[in-house]
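Undergrad: Here the working numbering is used: the first residue of the sequence shown is 15, the next is one more, and so on.
Any given hint might turn out to be false.
Said to hold, decoys possible - Label pairs and their computed distance ranges (CB to CB):
{"hint": "1", "residue 1": "Asp-112", "residue 2": "Asp-135", "range": "33 to 43 Å"}
{"hint": "2", "residue 1": "Asp-116", "residue 2": "Thr-136", "range": "23 to 33 Å"}
{"hint": "3", "residue 1": "Gly-99", "residue 2": "Asp-135", "range": "46 to 56 Å"}
{"hint": "4", "residue 1": "Gly-101", "residue 2": "Leu-138", "range": "29 to 39 Å"}
{"hint": "5", "residue 1": "Cys-62", "residue 2": "Pro-134", "range": "35 to 45 Å"}
{"hint": "6", "residue 1": "Asp-68", "residue 2": "Asp-117", "range": "15 to 25 Å"}
{"hint": "7", "residue 1": "Val-65", "residue 2": "Asp-108", "range": "19 to 29 Å"}
{"hint": "8", "residue 1": "Thr-136", "residue 2": "Gln-55", "range": "27 to 37 Å"}
{"hint": "9", "residue 1": "Ala-160", "residue 2": "Arg-113", "range": "16 to 26 Å"}
{"hint": "10", "residue 1": "Gln-164", "residue 2": "Pro-84", "range": "21 to 31 Å"}
{"hint": "11", "residue 1": "Pro-84", "residue 2": "Asp-135", "range": "13 to 23 Å"}
Simulated from the structure, these hints should not be mistaken for lab results. For each residue, glycine too, the CB sits at the ideal point set by N, CA and C.
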Amino acid sequence: MAASVELPWWPGGRADELDDMAFRRRHPTAPPFGSAVPGGQPELCDLCGAVIRDGSELYATVADSSAVDPYRPALDGQRRLVACGPGHLKQLVDRYRDRPFDDEELWAYILMRAQRCSGPDTDLDDLADITGLTIGQLMRADRWQAVWLQWVPERTRGTAG
Numbered sequence: 015m016a017a018s019v020e021l022p023w024w025p026g027g028r029a030d031e032l033d034d035m036a037f038r039r040r041h042p043t044a045p046p047f048g049s050a051v052p053g054g055q056p057e058l059c060d061l062c063g064a065v066i067r068d069g070s071e072l073y074a075t076v077a078d079s080s081a082v083d084p085y086r087p088a089l090d091g092q093r094r095l096v097a098c099g100p101g102h103l104k105q106l107v108d109r110y111r112d113r114p115f116d117d118e119e120l121w122a123y124i125l126m127r128a129q130r131c132s133g134p135d136t137d138l139d140d141l142a143d144i145t146g147l148t149i150g151q152l153m154r155a156d157r158w159q160a161v162w163l164q165w166v167p168e169r170t171r172g173t174a175g
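Go ahead and model the full structure; you've got the sequences and the hints to work with.
TA: Here it is as structure tokens:
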């Protein structure tokens with residue numbers, strides 16, 4: 015764990031073990047210039063894109079069924095938010111709080127991660143073992159992919175007048 019971080023943003027466990035959201039702030043003795051983590055990059059506010067170099071960023075963890083970690087399945091369904099101040103953090107948290115959590119969406123992304131890692135010839139039983147999902151959940155995830163990932167909204171073209 016980096017010395018400039020008081021606590022990691024992810025306390026461990028599953029999404030249902032978190033309070034409504036988990037907040038963390040960098041340690042107040044973080045260096046005032048450059049990255050707060052030696053050799054690291056500065057953070058960016060997820061709302062406005064402001065570069066935060068002084069270690070003053072705020073973090074929140076919110077439930078999000080579209081968030082699947084490529085390497086750490088324990089983080090699936092949680093999104094880490096970074097903000098430059100309390101106002102932006104509140105706006106970000108409110109945006110995700112208003113977004114419905116769809117189990118089938120989460121399962122679809124978990125299934126896609128497993129298919130990327132295992133290859134196209136993997137059968138349903140193997141995918142169930144890899145993902146930890148039931149066959150029924152995999153079928154619902156596949157249906158979600160067929161409906162939502164195939165639908166691409168047509169770009170609205172601006173017209174003069």
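Undergrad: Which constraints among the numbered hints does this structure fail? Numbers only, ascending.
TA: As far as the earlier hints go, 4 and 6 are violated by this structure, in ascending order.
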